[in-house]
Amino acid sequence: MTHMNPMPPAGPDEGRRLLRSTAIAAGLALVVLVTAILPAEYGVDPTGIGRAIGLTQMGEIKMSLAREVAALDSAEAAAAAAPAAAATETVPVAADSVAAPAAERVTTIELEPGQGKEVKLVMRSGAQATYAWTAAGGVVNYDTHGDSTNAPNSYYNYKKGTGVQADEGVLTAAFDGKHGWFWRNRTNAVVKITLRTSGAYGEVVSPD
Amino acid sequence: MIEAIRAARRLTDGRLGLAGLRVAASLGLLTLFAGPTAAFAHGVAAGDKGFIQESTGVLVVPFAYLGAKHMVTGYDHLLFLVGVIFFLYRLKDVAIYVTLFAIGHSTTLLLGVLTGVSVSSHLIDPIIGLSVVYTAHDNLGAFRSWFGVQPDTRLATLIFGFFHGLGLATKIIEFEMSTDGLIANLIAFNVGVEIGQLLALGMILIAMGYWRRTSAFTRHAYTTNVVLMGAGFLLMGYQLAGYFFLDQG
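In order, the protein sequence lines correspond to chains X and S.
Everything in the first sequence is counted per the numbering used here, starting at 40 for the first residue and increasing by one.
Everything in the second sequence is counted per the numbering used here, starting at 5 for the first residue and increasing by one.
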């Protein structure tokens, strides 16, 4: 055996000691698993310790995000399998109207606790839109970004924030595509978002 | 009597020995899903995954870098390496064991990605955790002391290498690499894994070299291997829980 081992020769006592050590190692691992890892990773908290020290809340957010990603993936899979069906979901807009200036539009959405929603403007590259939004009933996390029409994976981030009540500014489209806001309500109450937009965009894509 | 001992050995050994591996392997096979994974466009991916999804064509250095990064920052592979070389004093032995491990994980890494066959990482990673538990026990002579046998350490390193490679393959498949330049990029990734392994090994050997020269080493060697076991158990629990709560949930 090339595996040199200076450990004392194995006897019955050594076997018992090893067994005890293994049990201690496995027991400690189990304690850490149940009180910290399961709550923090999967929101599973059989002892209640995880919630008391604030780890379960993290796990619950991770689990809800995982479910959303899974739902998004299967929705995308369905859309890829049936592109014709997906196209009917959005209101068709004449191509010319995309660049034409639009009057102020008000879009409102409601976010349940834990919910996330998006409102997007269809814009041509370089087009500008002025916007202002406010959150009533609480604060939100937001991600102002654009998705390109031509490259399905491209993403452009304009602005991000957490625990914010309002934001305003001018969006200059980085490319042809849908540009807008993703809001997430991490509070325990319903939050209502009112978005005012004006400028050079076509349709407003919103979930409500 | 002998039959009873043999049965008992099978039961306990099954948790740690080759029988356990076989059980785990067939468990894994049951949940295999064949064919390339769904390559639907995901909204956004950042970091390494984002880069890989945006890239096509042969990119040798970036993929070698990613392979090295995966190894150097992969605590599961590192814990196993520490366990394997713990009592290897001669550089020649280190070379033999590390080569066996490399052959093991390279085989399944390449085969896994090229055939598109993958197993949920939540089922492979517990076996990687088990490999840490196994080497820690082997270091302490547990199999000799419990069952009076010393399983071939080199064979175990090779077999566990296969599972580490499957784990690597699963991660790469999740990355959704472009088929353009896949083989070259995969080999680059694999070479990177080996470079990362040598870098990590160098650091481990230097640290262990100093440690072994101290009188405290022999005293602490036992405790350290028990801590390794604990880490392995923890890894197993963490990943298995992921299988039940995420994959099945």
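Careful, some of the hints might be misleading.
Unchecked claim - In silico DSS-like links for lysine-lysine, alpha-carbon gap of 25 angstroms or less:
1. X/Lys156 with X/Lys199
2. X/Lys199 with S/Lys53
3. X/Lys198 with X/Lys231
4. X/Lys231 with X/Lys159
5. X/Lys199 with X/Lys159
6. X/Lys198 with X/Lys156
7. S/Lys53 with X/Lys198
8. X/Lys231 with X/Lys199
9. X/Lys101 with S/Lys53
As the list claims (entries may be wrong) - Cβ-Cβ distance ranges computed for the label pairs, FRET-style:
10. X/Phe221 with S/Phe55: 21 to 29 angstroms
11. S/Thr227 with X/Glu157: 34 to 42 angstroms
12. X/Leu69 with S/Gln154: 42 to 50 angstroms
13. S/Ala211 with X/Ser245: 27 to 35 angstroms
14. X/Gln204 with S/Leu115: 53 to 61 angstroms
15. X/Gly87 with S/Ala211: 36 to 44 angstroms
16. X/Gly208 with S/Ser182: 32 to 40 angstroms
17. X/Ile88 with S/Val231: 40 to 48 angstroms
In short, the hints are calculated from the structure, not lab data.
All values reported here derive from a predicted model rather than from experimental measurement.
From the three backbone atoms N, C-alpha and C, an ideal C-beta is built for every residue, glycine too.
So, going through the hints one by one against the coordinates:
1. X/Lys156 with X/Lys199: holds (15 angstroms)
2. X/Lys199 with S/Lys53: Roughly 21 angstroms between the alpha carbons, so the hint for X/Lys199 and S/Lys53 holds.
3. X/Lys198 with X/Lys231: This hinted pair holds, its Cα atoms lying about 20 angstroms apart.
4. X/Lys231 with X/Lys159: holds (17 angstroms)
5. X/Lys199 with X/Lys159: Roughly 15 angstroms between the alpha carbons, so the hint for X/Lys199 and X/Lys159 holds.
6. X/Lys198 with X/Lys156: Holds, at about 16 angstroms.
7. S/Lys53 with X/Lys198: holds (22 angstroms)
8. X/Lys231 with X/Lys199: holds (19 angstroms)
9. X/Lys101 with S/Lys53: Distance of about 19 angstroms is within 25 angstroms: holds.
10. X/Phe221 with S/Phe55: 21 to 29 angstroms: Given range 21 to 29 angstroms: holds, Cβ gap about 22 angstroms.
11. S/Thr227 with X/Glu157: 34 to 42 angstroms: violated (53 angstroms)
12. X/Leu69 with S/Gln154: 42 to 50 angstroms: Roughly 29 angstroms apart at Cβ, these two residues miss the hinted range, so it is violated.
13. S/Ala211 with X/Ser245: 27 to 35 angstroms: violated (57 angstroms)
14. X/Gln204 with S/Leu115: 53 to 61 angstroms: holds (54 angstroms)
15. X/Gly87 with S/Ala211: 36 to 44 angstroms: holds (40 angstroms)
16. X/Gly208 with S/Ser182: 32 to 40 angstroms: At roughly 36 angstroms between Cβ atoms, S/Ser182 and X/Gly208 fall inside 32 to 40 angstroms, so the hint holds.
17. X/Ile88 with S/Val231: 40 to 48 angstroms: Check failed, 23 angstroms falls outside 40 to 48 angstroms.
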